[in-house]
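Between the sequences and the hints, there should be enough to build the whole structure, so can you do that?
Just so you know, the protein sequences line up as chains R, W, F and Y, in that order. Counting from 0, one number per residue, gives the positions in the first sequence under numbering that gives the first Met the number 0. Counting from 0, one number per residue, gives the positions in the second sequence under numbering that gives the first Met the number 0. Counting from 0, one number per residue, gives the positions in the third sequence under numbering that gives the first Met the number 0. Counting from 0, one number per residue, gives the positions in the fourth sequence under numbering that gives the first Met the number 0.
Bear in mind the hints are in silico, worked out from the structure with no lab data behind them. All figures in this text were calculated on a predicted structure; none of them were measured in a lab. For glycine and all other residues, C-beta sits at the position ideal for the given N, C-alpha and C.
Incomplete in silico selection of chain Y near chain R, CB under 10 Å: (1) TRP70; (2) GLN71; (3) THR74; (4) LEU75; (5) VAL165; (6) ASP243; (7) GLY268; (8) SER274; (9) THR282; (10) GLU284; (11) ALA460; (12) SER461; (13) VAL462; (14) ALA469; (15) SER511; (16) TRP512.
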Amino acid sequence: MTNYVVRRLLIAIPSLLGISVILFTVLALAPGDPFEELATNPAIPPDVRAALRASLGLDDPVWTRYFSWLTAMLRGDWGYSFVSRVNVDQLILARLPTTLAIIGASQVLALAIALPVGVMAATRPYSVFDQVANTLAFIGFSLPTFFTGLLLILLFSITLDWLPFVYRADLTSTGWTWWGEQIRQSIMPVAVLGLFQGAAWTRFVRSAVLDVIRLDHVTTARAKGLPEGSVTLRHVVRNALIPVVTLVALQMPTVFGGAIVTEQIFRVPGIGSLLISAILANDTPVIMAVTFVFAGLVIFFNLLADVIYGWLDPRISYS
Amino acid sequence: MAGSTLASATASPAAARPRVTPGAEAWRRFRKHRLAVVSLVLLSGIVLAVLVGPLVWTLPVDEIDFSAQLQSPSWAHPFGTDDLGQDILARVLHGGRISLAVGVAAMLVAVCVGVLVGAIAGMSRGRVDAALMWLTDLFLSLPELPLLLLIIYLFRDGLGQIVGPEAGVFIMIVAVIGGFRWMPVARLVRAQFFSLREKEFVEAARALGASRPRLVVRHILPNALGPVIVAATIDVAAAIIAESTLSFLGLGFPPDIPTWGRLLFDAKDNLDFAPHWAIFPGLAIFLTVLTINFIGDGLRDALDPRRVL
Amino acid sequence: MSEALLAPSAAPARDTTPLLDIRGLKVHFKTDDGMVRAVDGVDITANRAETVCVVGESGCGKTVTAKTVLKLIDMPPGRIVAGEIRFEGRDLVPLPPAEMRKIRAKQIGFVFQEPMTSLNPVYTVGQQIAETVRQHEGLSRRAALDRAAEMLRLVNIPNPQRRVQDYPHQFSGGMRQRVMIAMALSCNPKLLIADEPTTALDVTIQAQILDLLDEMKQRLGMAVLLITHAMGVVAEVAQRVVVMYAGKVVEEATVEALFATPRHPYTQGLIRSIPRIDRAASVHARLEAIPGTVPSLLNPPVGCRFAARCRHAMPDCVAAEPPLREVAPGHKVACILYPEHRP
Amino acid sequence: MTEDDLRQMIGRVQRGTLTRRGFVRRMAAVGLTAPMATQLLAIAGAAPAAAQTASAYPSRRGGGALKVLYWQGATLLNPHFAVGTKDQDGSRAFYEPLAGWAQDGTLEPILAAEIPSRENGGLAADGRSVTWKLKRGVKWHDGQDFTADDAVFNWEYAKDPATASVTTGSYRDVNVVKVDDYTVRVEFQKPTPFWADAFVGSRGMMIPKHLFKDYMGAKSREAPANLRPVGTSGYKFSEFQPGDMLRGEANASYHMPNRPFFDTLEVKGGGDAVSAARAVLQTGEFDYAWNMQVEDAILKRLEANGRGKVNIVPGGGIEFIQLHTRDPWNEVNGERASLDSTHPTLSDPKVREALSLLCDRNALEQFIYGRGGPATANFLNNPPRFRSPNTKFEFNIAKANEILDAAGYTRGADGIRAKDGKRLKFVYQTSINTPRQRTQAVIKQAAQRAGIDIEVKAVTASVFFSSDVANPDTYTKFFSDIQMYTTTMPQADPQLFMNQYVSWEMSTKANSWQGRNIIRWKSDEYDAAYRAAEGELDPVKRAALFIRMNDLIVGSNHVIPLVGRPTVSASLNTLTHKLSAWDLTFGFLHDWHRAA
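Given below as structure tokens:
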């Protein structure tokens, strides 16, 4: 198994490089200029903007910019953002905790919903519980997140005024009050994302469990006199987990990527909104850094998914 | 040791029952899924409304009438009006055509490319599979928006001359949304192919001399269809939502073309004063997506022979 | 065939109540097309240390009967409509699930037909056997694994200590069936129900499994209820035979009586349709098959269900269902051709 | 109102028989308004009375937290690199200029002891130099003294091209001399009527010499103080998350009496304009929200909650339409919209006149921009003394049809007019923002009624306003027939503002489309008037020249001004702020306080 992992890691390096080349050319060719604001201000003479572009190397040919970016990258210097002139890694690290907190919590909520509901719905097929759970799941992931986000704001922030809808990463209070405020302000974004994701996963868990529940070895387990609970848990869920765990592992990169739309609506200063503002301002170093980390995570979690698959299912052998 | 008795013809039902074609069987099973049937009726209602609607409901789509700003639903304007006094019902009907067309077309692109890549990766071993999976990983990690900026910037003028501005944008939007949705389908199909490829009936078909493409098309693909259909239905929904996100960033259709997504985003700031403006397009998106998902679920039950009802 | 087997009514005299006594069992399944009466009044008994074979074509209800004993059928759509299943005198039908669980594997072991899919692929063989033992005898993990290894040795699986850590996919079909048997007997049950244990195996392995079952019976003294559609298997291991057709028992007899003097036309047809090696050279006749098809269980024909295919069919056959009557000591048949034997 | 009457009135002010306020009001009646009038008095030596603050400033401090919302957060805190107003404001929270422009056009001293004028000898008679006396006892946040060396350093820092600072325009053509520790003199190459550019307002913020002297020129980017400012303002730096959050706390040793009022200053960034408006006017979570680019109807409804109000501060910004003079579609000697081509249809003044009649400015003001967009016929609207009285606008579809019929543009089968094969079909492009898309819809419909087909195009702001050469969608290239955007006027003087139509500023491929004359319009009379205005000391003549320039460009109908764009912001009723269109939001932060 270990040399399989090593082999996969070795393959990952060229693929990451390949991805970075394509990413960089895409960004370099895409139109747009980080100094949009300078343009409309007549007081700023045009040659200042030209000097600014030159000083940041925007006018060099693509491949020289790529190599300078790559060599800087390898030295651990992720370059600094054109727009905010801050080192990119500082920018990302500042926003990482918020993204992990909100998006991470929503994924946990999604799993906390999907696993129990999915299993119970599958173990009682076509019961009332199953029908209700199924219909709610459908409604859950048919509602676009931005629509539910707006409705929640309208309901809880504006009419009822219970929850703040301005997310503030810099809460000044400490101790319990900090936790209280942190929870109060992240309830809505976490709920919107968690419910949407939970609904999709419930359906997936239900169908995975349904596939397993009819297999012969489940009847064998029952014939062994095991209580229904442990038949379900040890024999049905354990086998159904294999596709579910793989799916969850493949979903992890989005935890880093953040939910662009939800972060825009609830103004969560996460990686998603950083990526959007960077894209709109064509701030190449930031986009490159975020997407490069994202690509690395995608490859890493793909590998992790395969390893978990092998670990969970003994039939899979890695030569 | 005496061989086992050859049981006489198994209990085949008496001749009285008509020979059931697979299609009819699938329809019978589909009919059992009540919600799917209801959704089918509802969806065809929506599609009909969107196609015939603009002919029946003749109010012009972009007639600006400042006197009728932000009117709540009334007989003159069943869905109310927006801040330019334009009739929202007409815009929802007209917009529906584009949103649905984008949804379906993007799904088709995603499914076709996904199935193709998945099948090839699934059937071949080693290098081809690894290369295709690398390509999938690459697309998974590409940021959708800058690529979209690039494609629109590169092709809009050229395409615009050939097929006209609106069609040009339509093709581009479908290509981009579709072009970013095929990876999950490809991965799904590949996994299906890996498991189906080992199955006895495939070896049996190969033993009977079936060529590889025939194996794929006639034997493996129909079995892999179930999850692909479910993924396809999810893709239509995701495509409609993606189109509306694009219109939020103004990258989608030109501003004067009302799609559901654009309507919803134009309305989002007036949600607390003129909720009707956002609710109807939002409802249209929701209902369409919900019905498509239910139909997908019904189809999967109908087409999956293993699924006992 | 070892001598002991052939002694008729070798059951110990002192306890005459049968170990397993199924009386008038009816199991129906609700389907879209209506109520399938898979088992429609079945009486089967099995005594200690006795091998009873239930034989019949596919779809005659033998597997449903076997599974209903341990309530392994899905209810719904299945439902026990009528009848009793007495095990050591106690009726299992009304038992609540908690009680039923104490019976399963502890009192009655079960071996399934498909060894390839009957074991859970993600656990080692040892773990799966140990699980049964720990459930019923509360052994520690270590002790249960030793018992599992012991059971594997018992079913002649080579170097059991190491194999106990292997996964199902590392065993051949025959080996897996041995594991299933080991698992079924791991708690020393009084009755073993085997549902066509050898159908999925090729002939050479089949013989080994049947010998193993026999050996287990000698050593552990448990009764065996063996479901099969192969008359050869019946001849090999059975002491008493029950022939089922279309959800009902049509004939019951000792194996010698059944093969020597088959009474029910269906049993006769079955025996005639066995290709005989010894006579093959001399008799150049086509193999005989029973004409017609098995009746639908949705709306079974009135009277004797075999009537449509029976050579001796008479008007009375269709009038009423022929009851299962004893026409000779220990030999019952459900056919009006034979007068009842008055001992 | 002849020049003599003017001189006579100035005399009365000097003698005190006419109050300053009375003089300014009379000047306004004649079209010479506040900034011009005060300049006039300064030149004529009538010293302005000390600028009295509008409302009584409370004596106490400790006003708790001031929470401000910028929906585009500041991304860096060095005034000389400030890319947009958001960054300038971020820097202004900590750094201060010598003086600031109040809304009524008067200069208020901040780091300067007094405003230079003819009386106090600050202003040279020939207008070639101005001498600033600095306030004594001013300390940087780290306790260092603020002296003339800091002022001279700022000049050297900004004028060095290697620093590529955005404020270089104000410093590179002047010479700054240190007279003594607390006096500096700014010398101009030629008589400069508008002397208050260097060291004043948004371009005059002072950075400490002792922290930046090792980071001049190319190394200017690496200065640690770029992100941890040490200024002289009322609030000391405490924390900064670029694009998200900026915090400062009260500076105990501030050089103005019992100020600042608040204990802490918090500036939150991110999100969009509407949610920012809601956060102030509806839920009251913040005290002030910057740059409310929101439809007025929404703002009015939010104001109805009674928690806060919208502040409209008229300035120089103008949303206007450009009609191309050149042909953007066919390449002439390798360049689209080259100077050797003329636009097939828009070159016909009748077509342009018709198009101007089709722009319903009143509807734009009434239904889209509201108070945030007063309809106007002028390109140059503020300061009022430069506003031309002799232009007017009209919305009349019938008249447009008549003009087009008379000009021989007959309607084709599809209802679109054409003349000798040239159809009236235009591409109308602008950047993506809701009010602009609404404006496009209104004008497109009116044009349709006059037989003109308009294809509407919206480009992402960062693409539209970009200056990279390869991108065809930039506004400086103007590769479409009609274009619309807002141009701003950061100073209270139109000199730089009106250079957008001089012939030597034409945007061409040669100067890689850097020129500011985007419609490539050429008018000798305009060029001559502009040159004259550069050297004209007499404010009355100079104002008349600018009014002439405005009439020329608007009269040509190549430029159709639509609505003025004052700075719009929202604030809680409890907050008493002091805003000016000619300076930054935080220009007078030291005077902000909460009503008792």
